[in-house]
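Chains A and B supply the protein sequences, listed in that same order.
Here the first sequence is numbered in numbering that gives the first Met the number 0, starting from 0 and rising by one per residue.
Here the second sequence is numbered in numbering that gives the first Met the number 0, starting from 0 and rising by one per residue.
The hints are simulated quantities; they were obtained by calculation from the structure and are not laboratory data.
For clarity, every value in this text was computed on a predicted model and none was experimentally measured.
There may be inaccurate statements among the hints.
As the list claims (entries may be wrong) - Cross-link-like lysine to aspartate or glutamate pairs, in silico, EDC-like; alpha carbons within 16 angstroms at most:
no.: 1; chain 1: B; residue 1: K10; chain 2: B; residue 2: D102
no.: 2; chain 1: A; residue 1: K35; chain 2: B; residue 2: E124
no.: 3; chain 1: A; residue 1: K35; chain 2: B; residue 2: E127
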Amino acid sequence: MKITLNNRPELFDFKKITVTKLLEHKNYTFKMLVIKVNGKLVKKDAYDSFELNDGDDVTVLHLVSGG
Amino acid sequence: MTFDEIKSKLKNYTVGIAGAGGLGSNCAVALTRVGIGKLVISDFDVVNESNLNRQYFFRDQLGQKKVEALKENIIRINREVEIITRDVKLNENNIVAIYKDCDILVEAFDLAEMKKMLIETFLSELPEKKIVLGLGMAGWGNSNLIKFRQSENLYICGDEKSEIADDNPPLAPRVGMVANMQANTVLELLLRR
Chain A
0 MKITLNNRPE LFDFKKITVT KLLEHKNYTF KMLVIKVNGK LVKKDAYDSF ELNDGDDVTV
60 LHLVSGG
Chain B
0 MTFDEIKSKL KNYTVGIAGA GGLGSNCAVA LTRVGIGKLV ISDFDVVNES NLNRQYFFRD
60 QLGQKKVEAL KENIIRINRE VEIITRDVKL NENNIVAIYK DCDILVEAFD LAEMKKMLIE
120 TFLSELPEKK IVLGLGMAGW GNSNLIKFRQ SENLYICGDE KSEIADDNPP LAPRVGMVAN
180 MQANTVLELL LRR
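Take these sequences, add in the hints, and give me the full structure.
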């Protein structure tokens, strides 16, 4: 499957992947994230069940303090 | 566009600024100088000595409400700007009502959990709102790591990495870079309309 992750195309060997698995696969271990899939917010309690499909557009924002 | 043309265009627009600290105060001043029509600024805090290393306040304003002190400073630069101040702690129950009529919202919080609250609340309740985020600006140097990217209606300014810590504090140069980058993004969006 091919998904767009933070504006970059990425190829995966899976047919489907949950948000949690994607984060593990990419070694995204940040504790405070905002995740959008095709423009829609995916909340943290849905990361284990939300499945990404071929062609999905995923944005992962890592929120860091400072301002 | 000449500066007169820019000013006459910008005066028709309202920009929301959520937080009047390092990002909010500097971004508000930049938008004030170029002639934005109206600013809606919220913050619950008072000016503290530790703020003066990056925030657009002065020693004689210590102890004053940030929104009031910033309003004073804006008026000293440009009397044409209409300023709405909200002395309130923003949360998921009040933030949409305060900013729903703004053309663009500038996220100018310091804490990551507040940034998350703002983004999640707007994505859930008002996803068409254009939001300019300041994300990652602690420390010094590394100018070339500060960047810009867009994800639908989110416009992200900063290095997206550097987190503040006792040995990596937010300082005027990099915070100012991101705050002015946010103001620059606002201009780009408004002037293209």
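Against the structure, the hints:
For the hint linking K10 of chain B to D102 of chain B, the alpha-carbon distance of about 12 angstroms falls within 16 angstroms, and the restraint holds. The hinted pair formed by K35 of chain A and E124 of chain B meets the criterion: a straight-line CA distance of about 14 angstroms does not exceed 16 angstroms. Between the alpha carbons of K35 of chain A and E127 of chain B the distance comes to roughly 14 angstroms, so the proposed pair stays at or under 16 angstroms and holds.
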